[in-house]
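There are 2 protein chains.
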Amino acid sequence: MDQERAKRPGGRSARVYAAVHQAVTELVAERGYGNFAVGDVAARAGVADTSIYRRWGSLEKLLSDVALARLAARSPMPDTGSLAGDLHAYALNVAREITGPDGLAILHLTIALSSQGTEGLQTRDEFLAERARLVETMLDRARERGENPPDALGVLDHIMAPMYIRVLFGIGPLTAEYVDGLVDRLLATDRSQLRS
Amino acid sequence: MDQERAKRPGGRSARVYAAVHQAVTELVAERGYGNFAVGDVAARAGVADTSIYRRWGSLEKLLSDVALARLAARSPMPDTGSLAGDLHAYALNVAREITGPDGLAILHLTIALSSQGTEGLQTRDEFLAERARLVETMLDRARERGENPPDALGVLDHIMAPMYIRVLFGIGPLTAEYVDGLVDRLLATDRSQLRS
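Sequences listed follow chains A and B, in order. FYI, in the working numbering the residues of the first sequence are 4 to 199. FYI, in the working numbering the residues of the second sequence are 4 to 199.
No lab work stands behind these hints, which were simulated from the structure alone.
SDA-like mimics (lysine to any residue), calculated; alpha carbons at most 25 Å apart, straight line:
1. A:Lys-64 / A:Ala-135
2. B:Lys-64 / A:Asn-38
3. A:Lys-64 / B:Glu-33
4. A:Lys-64 / B:Arg-34
5. B:Lys-64 / A:Arg-34
6. A:Lys-64 / A:Leu-107
7. A:Lys-64 / A:Arg-18
8. B:Lys-64 / B:Val-41
9. B:Lys-64 / A:Asp-43
10. B:Lys-64 / A:Ile-174
11. A:Lys-64 / B:Gly-173
12. B:Lys-64 / B:Leu-131
13. A:Lys-64 / B:Glu-29
14. A:Lys-64 / A:Asn-38
15. A:Lys-64 / A:Val-41
16. B:Lys-64 / A:Ala-40
17. B:Lys-64 / B:Leu-124
Fair warning: this is a prediction, and the values are worked out from it, not measured in the lab.
All chains should be modelled from the sequences, with the hints used to inform the complete structure.
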């Protein structure tokens, strides 16, 4: 699809888009959020400042756009045929993403959206609603199979949140054993609550 | 103690310190991390830019100093006589802090430290080590009473992390019922793992 776009009249526009997004991701990773300006992005992407202002309007809007695009590109929800299988695969995917080369930068960008006024909050909420919808789909499939899945907020609280906070606080690697343990623990707690 | 300091020769210095810290906290809350300069802090605190540079050296060092001071001022660990009592009181304290007027600003500041190079990472790691030590003390007391406490990382993963992420993502209020539920769930899972 990228090749197709490059051949069409929109080719230059698509190349600028990709170069600018890549430049932002690198600058967030190198300098941290808030420590660079539109001029730095333009220089690294090899485009004029005015191209960025014309297309995005402001640094804040550009940052929101990059965060949303990166987060939307995340791997699709797994469909393994069982709740445990789906949750294990999903948790491992997320762990890989947030510990990958741009992982911390993307996490910082997502969280920084909350302090960027209405524009940022809207981007963040759109992203969260979309992720919640995808997780719900996975949990609905489990329910249809007669399994008793946790709710989406349980998945956020006990699988995603610990991984996000460990990466943000720089605590240890997210080993497969640790990630699998989070999933097993959530499933076990739900079973033990059903028993009681 | 503040009164005592104000009377001593260091009085002016203490007032500058307090005014500058307050200005940073307000600016983080209003504009978000990264969207203000030393000049903005100086103007709001009613001091000269040079006073800030002389004392802190750079905006980054000032931000680290504020984050560390605010986080260190958090309420002491509760000592209620039981593990469940301590964990419930501690979790409710943290929930109150991070949902208070400066709570989100302080959380953003802590997380932003990770993208501020060595200085920021050192501040963050000092803070985390200090918090871990305090939680360990609470868990040690439980162990001495013959209780079976979770480890400190379990408290981070299943009580702190869900609250932090919900505040950072702007998901619902942290009701007492929700916070108590996180503690009960952690204690129940640990008991059920002992049984199996």
